[in-house]
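Protein chains: 2
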Amino acid sequence: MKELPLAKVYQLLEPGPVVLLTTAHKGRANVMTMSWHMMVEFEPPLVACVVSNGDHSFAALKATGECVIAVPAASMADAVVAVGNTTGRGLDKFEAFGLTAVPAASVAPPLVKECFANLECRVVDRRLVAVYNLFVLEVVKAWVDPRQKSPKTLHHRGYGTFVIDGEVVRLKSKMR
Amino acid sequence: MKELPLAKVYQLLEPGPVVLLTTAHKGRANVMTMSWHMMVEFEPPLVACVVSNGDHSFAALKATGECVIAVPAASMADAVVAVGNTTGRGLDKFEAFGLTAVPAASVAPPLVKECFANLECRVVDRRLVAVYNLFVLEVVKAWVDPRQKSPKTLHHRGYGTFVIDGEVVRLKSKMR
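Taken in sequence, the protein lines are chains A and B. So for the first sequence, my numbering puts the first residue at -14; every next one is plus one. So for the second sequence, my numbering puts the first residue at -14; every next one is plus one.
Don't read these hints as lab results, they were simulated from the structure. Keep in mind that the hints are not guaranteed to be accurate.
Repeated chains share a single entry, so a pair holds when one copy, or any two copies, can fit it.
Below are the DSBU-like pairs computed for lysine-lysine, each with C-alpha atoms no more than 35 Å apart in a straight line [said to hold, decoys possible]:
1. K157 x K11
2. K157 x K47
3. K98 x K134
With the hints as extra help, turn the sequences into a complete structure.
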């Protein structure tokens, strides 16, 4: 994997893809599927996300303040859904669904080797955790897999309906 | 326009489309383009969004606590980009870019007639406004245009590059 400049991180998350979130707690890594996230700042990149307190990952994220956001290509749809449909309470989801945990550089939770991008994150704001399960994260290191060219991503519409990226258009936007 | 049950609102925003945000302040309506938003709760639907304090809309949203999130189909790309590239400081962007402001039912900012969905919103949490320009909104009323069937949306990748929705797939997800 190749390091990605932090200033480019927003380009990965702003389109709204379904992502995987890894955590590590008490010697065990876990992974969940997440769609409720958004960019908050360009650089250093800040990301807000909602992790339900019913999810096994919530306790790990709250306790350790670390996670990895991994962006899967659309070709990983089956694994993404399987991860989203199960709890890590008594299951090693990496092994169960063919995902490879790779050590990260700056945080304890692992990268997901099969994903085309991996963002190492630390919780920087917990003020809305108790009210909305909303964490603000800072991306401290970002990686992309240069072998995955122009990957298409998944976007969740609810109840197992996903839309896959289609045509790419370039317009004269001044929006960053 | 037809009323949409509030429990279905997340299906519109969870996929991460570029949206328009309208505000009304001191007798004038304004509209901006926004990509930094996410769902926070299913019902009542809560949405978090970041509106830069450099945007003209920021002051209006902060002062009035009301806005409308309007979801444009991909066919509106030119207007969406034009709205995003200009400031409402001395310009009526509705008139300039062919958008029709329609009165909302519960808030002062207008709906955008050309958009396939319109969400009337009130600010319910300002704790992160001063730090990140992050507002938490409650959607109090939602509308869809039944004449626009299966609209495709735009997703912003930065610098005027957008990806348009492609293939829709249904998988056995238990994710809501």
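Results of checking the hints against the structure:
1. K157 x K11: Between. Shortest inter-copy distance 31 Å satisfies the 35 Å Cα cut-off; intra-copy 49 Å does not.
2. K157 x K47: between (41 Å within a copy, 29 Å between copies)
3. K98 x K134: within (15 Å within a copy, 39 Å between copies)
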